[in-house]
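Taken in sequence, the protein lines are chains S and X.
Note that my numbering has the first sequence beginning at 4, numbered continuously upward.
Note that my numbering has the second sequence beginning at 4, numbered continuously upward.
Source of the hints: derived by calculation from the structure; they are not laboratory data.
Where is the CB? At the ideal position from N, CA and C, for every residue including glycine.
Mixed in with the good hints, there may be bad ones.
[Claimed, not checked] Some chain X residues judged to face chain S by a derived CB distance under 7 Å, without partners named:
id, residue
1, 243
2, 277
3, 278
4, 327
5, 356
6, 423
7, 427
8, 433
9, 450
10, 457
Below, each chain spelled out in residue letters.
2 protein chains.
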Amino acid sequence: MAEAAVRKRGRGGGGAARRAERSAVSFETARFIERNIPNFEVLTEEALELIEYNAETVLEEIGVNFPDNPLALQRWRDAGADVDGDRVRIPRGLARQLCATAPSSYVQHARNPDRNVVVGGKNLVLAPVYGPPFVRDMAGGRRYATMEDFRKFVKLGYMSKWLHHSGGTVCEPTDVAVNKRHLDMLHAHMTLSDKPFMGSVTEPSRARDSVEMCEVLFGKDFVAENTVMTSLININSPMTFDDVMMGALDVYAQANQACIISPFIVGGAMAPVSVAGTLTQVLAEVLAGIAYSQLCKKGAPVIMGAFVTSIDMNSGAPTFGTPEASHITYGAGQLARRLGLPFRSAGSFCGSKLPDAQAAYETANSLNMGLLSGVNFMLHACGWLEGGLVSSFEKFVMDADQLGALHHFAAGVQVDENAQAMDAIREVEPGGHYLGCAHTQANFKSAFWKSDVLDYKPYETWEDEGGRDTMTLASRRVEKMLADYQQPTMDPATREALGAFVATKKAAEPDSFM
Amino acid sequence: MAEAAVRKRGRGGGGAARRAERSAVSFETARFIERNIPNFEVLTEEALELIEYNAETVLEEIGVNFPDNPLALQRWRDAGADVDGDRVRIPRGLARQLCATAPSSYVQHARNPDRNVVVGGKNLVLAPVYGPPFVRDMAGGRRYATMEDFRKFVKLGYMSKWLHHSGGTVCEPTDVAVNKRHLDMLHAHMTLSDKPFMGSVTEPSRARDSVEMCEVLFGKDFVAENTVMTSLININSPMTFDDVMMGALDVYAQANQACIISPFIVGGAMAPVSVAGTLTQVLAEVLAGIAYSQLCKKGAPVIMGAFVTSIDMNSGAPTFGTPEASHITYGAGQLARRLGLPFRSAGSFCGSKLPDAQAAYETANSLNMGLLSGVNFMLHACGWLEGGLVSSFEKFVMDADQLGALHHFAAGVQVDENAQAMDAIREVEPGGHYLGCAHTQANFKSAFWKSDVLDYKPYETWEDEGGRDTMTLASRRVEKMLADYQQPTMDPATREALGAFVATKKAAEPDSFM
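The task is simple: from the sequences and hints, build the whole structure.
What follows is the structure, given as structure tokens:
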């Protein structure tokens, strides 16, 4: 059903007004990934049942905390939970039963309907890094992020073929007041790109601002009927549901806007050091969080999130691309499918300070695992550096390039007559070569994924050109992309209304940097 | 059965003499990987059957070439094939039937029986890069490889915990005569390491030398009864079986020594540009090659190889870590399991000129795919650079470190009571943390894989220490490992006999660099 909806809008069913607004100069963007490959599963049926049983035990015996949130406690009481102070103990089976009203997939609409995404099923939607207070590039090194950096990342995301989503806080614009930066960030996503985006979650009032800005962009009626944002609601693991986040979730759920409800876990710190223990806690947390979203509004679209990584027990630093993080993500994917919910996990995770080999090993480990674990929404799919403290310009384009490989792999293997290539094998014969044969001529353009960043040149050419490493090549690509950027067109009245909305909101209260 | 044999020797069943030879100063080496995870499979049953049918059609209608090899042609004629000039056409079903006498797994013995490996089943044996004429390190850049470089790589391999095998031509020692370098290479593997190794294949006479040197090392009777080498026999794709390689295969098969029989394919050049077409050719080639090994000697141990990669159609350069190479490898793994044979593929493949982010993305893609595709013997598991032209010292230790992550991932997920960690979740409660809890204290040492190369330090510390990238950290590690190296002990009589064997052989003919 969700699939039919996006196809319909994709074919231009979304109204003449919005069609007219569409970009005249548009950069190519691949359709979200529709996997034609199986999922990889590490947990047996017995292990899954054990973890599900234990998660219910956690909810029933230990419970979860909803501090400073009388409304949430009342909703839980009404639903049949045992509420004691901030602690909510949920009878076995109740949370899973409440989760059943959440849709198994949903369409997130973009202002360019060709860029709508379907979140769920066999699909994978890729969105950029979220949250870093710092940026890094080759020329400027590491520094606090600004709104100008933010705009550059939105432009790069818009121009990245394999990125389906503009994301949210692609970096934290520290030069704009905390109570106003959500307005500038949303404005950038709405005007500098035409891909789908995320809303603010740092205050319920900012979530409301996000909905209202979407009403300006898409029209009030359209927003009332459709999901136009997917926003990130983190759980304070272990098992604590922050009242600010829950307030933002409530705003979005009431407005039928989607939320990722996501434990944020560094194993050994916010969850047990074991994979099965972490999965138990992750499942308990998402069951409680998603059940609560349905108490806010039955049928509200949500994603089961799992931000999980391991820890270096010597330094306490989170570590990325590790085998334990992979185990947890594969297992969480299995649990999400059994819940019948879209799944968010993985990303371009790394602990490295530079976009070097460490960054790439860790990132490739996580990207591959994300694809094979059945992730439906991959936040942080490009640009993440230094444990999420830094958004890296070079790594953004390096990772975004690798996302093309995921698309090609996910397409699976064709076995039609052309793919069987028996004529080619007959033509070439033993001892020949395929470079010029008819089958190669007919297929070579689409046969292989080709990187836009990596070096395939002969050694001598590469050396003559300065012996550049990947970071240097990526730096050139960032420069070129930003130089080539062209803003997608927008109806002038909409543009003016968005500007006015931001100006009015900003004028209404003094700047705060708290 | 093979498994029982290795365990028996592992427990010291290999004779007192060999036990006495064992290293007094021994560096820790992990046991080969015994996967506790499923294989990932991209091809459907229908696709597999189609490819198998087409491969038989190729063998029957097109056939394969065995040039300059009357003995091979006679063997094929005797087996019932249709021989026309060099061309051998194999009736449908015959090759597969001949392959049936090859064992599904075998033990390769090492002079230290703790380091014996079982090749086949759910196991994965990791061996280093093979064949590059150049080496590269940070201090010396790129240069022709020498015997001194070769020895350094053998030492690094001996000291690498996650590497089970010493390999073969870890780099091509270009400063030693072509007709004598196999003697020095084998001598280095035998004396500088105690891990299993590979024999020479560049002339049948050198294969015989390899067997004879093993007889010196292990004893003639032991070699007659046991496999002590696994050597690499490449097929000249498409579908040509070089007489030199076939001669070496014959020597090894007669001596019950194992060979990898491996198409060497850059898709679009030596095979069709399509995945299904390449798999068809790969299967036809290995069916013919392995059938031929069994015509040499029924029951000779062999591995189905598949060196497959894609091509950059602009430059003609081979490309690595690509999604198409992954499709082919996953498919080849499925085909190997249906044949009931051990499978060799994947490795630390990359096209990059430097051990940078490109190298690491490409390598991680290939290593992960190799693990999940069911590879049993992974040649090139560390140290490969620049499309196989270069053995890199830094990349050797970087990749070897990543192999530890494969071990941890392959161990699968525990779900015993300790792993469930319910006591920990009860102890910590909502809002707490797990850093000091009893379960973490009891488990933290073994909970997470930890890199020995990558940087996990806080940003400020890392910056104070010079802001080193992965290559720089790896360079320091290479220096330290070589400084710490200690040769495994060896019975002096054996050492002397090996030296005498090499000296006698070298003295018997003039140097040739052809």
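Structure-based check of each hint:
no.: 1; hint: 243; result: holds (5 Å)
no.: 2; hint: 277; result: holds (4 Å)
no.: 3; hint: 278; result: holds (5 Å)
no.: 4; hint: 327; result: holds (5 Å)
no.: 5; hint: 356; result: holds (5 Å)
no.: 6; hint: 423; result: holds (5 Å)
no.: 7; hint: 427; result: holds (4 Å)
no.: 8; hint: 433; result: holds (4 Å)
no.: 9; hint: 450; result: holds (4 Å)
no.: 10; hint: 457; result: holds (5 Å)
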